[in-house]
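Read top to bottom, the protein sequences are chains A and B. Per the working numbering: the first sequence ends with 169, consecutive numbering throughout. Per the working numbering: the second sequence ends with 1102, consecutive numbering throughout.
Simulated from the structure, these hints should not be mistaken for lab results. Keep in mind that this is a model prediction, so the values were computed, not measured. Every residue gets a Cβ at the ideal spot worked out from N, C-alpha and C, and that includes glycine. Warning: the hint list may mix true and false statements.
[What the hints assert, rightly or not] Covered stretches of chain A (chain B as the covering partner; in silico rule of three or more C-beta atoms under 8 Å from a C-beta of chain B):
hint, segment
1, 28-38
2, 143-155
[What the hints assert, rightly or not] The following residues of chain B were derived to be distant from chain A, with all beta-carbon distances above 10 Å:
hint, residue
3, R1087
4, I1097
5, D1098
6, M1099
7, M1100
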Amino acid sequence: MTGEQIAFLVVALFTLASGFMVVTTGNLVHAALWLVSTLFGVAVAYALLNAAFLAVVQVVVYIGAIAILFIFAVMLTRKDLLDQGPQVNRNWWVGALLSVLTFVGLYSLLQGWDGMSKTAADIPSGFDAISELGNELVSPMGYVLPFEVASVLLVAALVGAVYVASDRK
Amino acid sequence: MVPLSWYLIFAAALFSIGLYGVLSRRNAVAILLGIELMLNAVNINLAAFWRYGNVMHMAGQVFAVIVFAVAAAEVAVGLALVISVYRRRNTVVADEIDMMKW
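So that you can see chain B by itself, here it is in the shape it has in the complex (with noise of 0.2 Å):
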């Protein structure tokens, strides 16, 4: 059987790869990929919980599927931004994106 801590190992570790492409990529569309991973690597740890408490409360489990529509209302609204500063500025280069920096 394997051990609870593997679970988290591994999702910390995703989350830290997540964690390194938001802060390093240039590229809007790219952090947004760093998010995605960062959100995956949380579900992991709400169904490794769920798995290894009391299989009888669901509620690791409900709150990673209320995570799956978070992630689904992030992902939407971000490339929806991003596409239409696309269309105004013609980039999507997140340091030369500065329409609201005073």
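This is chain A alone, in the form it adopts within the complex (with noise of 0.2 Å):
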């Protein structure tokens, strides 16, 4: 076992460790703070695989607004029918058993498939990702549509986000 295979292990197992905490764990705030332990340990996962972009927007989009927003919510929508009572509802046991059939579905049809140990070849030097993602995101002949399209539906729903939760009467 190289380094980098112990990284990955220890890496995985945290961040899938940190999801089942938060899927399970039944005060919500504790789930929203597990939740940014997950979404930390993907982070990580990013930066192993060389995607340093997504790794940094992971940390500040997703844990400096996301998580945030939902420990926000958490927080105005708590007060009388808090923590107590069952945090599952009666068909739980429908939903464990659909998550282990996917999970197990996934991986025989990824055992099946014939890319399955490939390993990555060295990114060619003076190669600059960073720079390439800006450049397809803004070219032409590359991704600039999707893009702008993306930043529209981000406006939209954050306005119809403010309309839906204003409180107007």
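Fit chain to chain and form the complex, with the hints in mind.
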């Protein structure tokens, strides 16, 4: 086992354990904090994949904005139906069964695929992934249209969110 | 070097954990937490296929960036709906939100 493999296994186990705590812990503030540690584990996985930009955006956008939004939403909606009583619905075993079946299905699907044991080629020297990503995002030959559509979607969704959540009578 | 399969199995496991959260939790905010886990699993796959495929083609990372934007939009609208429903019905339990049930 190389150092990289050990680092990957540590990160993966940490992330999966945190993710398991997110869906099982009763206290929702704790669940949101476990989500922060899961997202941090995913950011480290991006760093292991040499996707530096994604790792930074993961920390800034997911941990800095989305997880904090979750914590605020939990604080705004707690009050009386707090954490007592069952946190799972009557059919939780169906959900558990379906998710185990999904994992088994994906796993067996992957076993039958011949690209599984592929290892990554070295990144060519002088190749700057971040500037290449920036060029692709704004070049008309690249992905400028999906990028602009995503920004319009984000603005529309945020305006809609303000409208839906505003307290008007 | 880590083989591609490790990343794919890791992402599949994270996706299944998120799916369990979405299907079994009663609290609507907890359901959104599960959706976030599933979106992250998808993003790990996109980044892994970028790294193990042709590094010169940035499609995987571009797609991951767009998934970030969609996830932010989704969580903003979802939490706004939860807060709005909480204000009207004083509940965030998904089973009790049945205003549109006929």
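Hint-by-hint comparison with the structure:
Taking a C-beta to C-beta cut-off of 8 Å, the segment 28-38 of chain A contributes 5 residues in contact with chain B, enough for the three needed, and the coverage statement holds. Residues of the segment 143-155 of chain A lying with their CB closer than 8 Å to a CB of chain B number 7, which satisfies the three-residue condition for coverage. The Cβ of B:R1087 sits about 7 Å from the closest Cβ of chain A, inside the 10 Å cut-off, so the non-interface label is violated. Under the 10 Å C-beta cut-off, the non-interface status given to B:I1097 relative to chain A holds; the minimum distance is some 12 Å.
The claim that B:D1098 lies off the interface holds: its Cβ sits roughly 14 Å from the closest Cβ of chain A, which is beyond the 10 Å cut-off. Annotated as non-interface, B:M1099 keeps its C-beta farther than 10 Å from every C-beta of chain A; the closest such distance is 14 Å. Against the 10 Å criterion, B:M1100 stays outside the reach of chain A, whose nearest CB is about 15 Å from its own CB.
Hint check: a violation occurs at hint 3 only; the rest are consistent with the structure.
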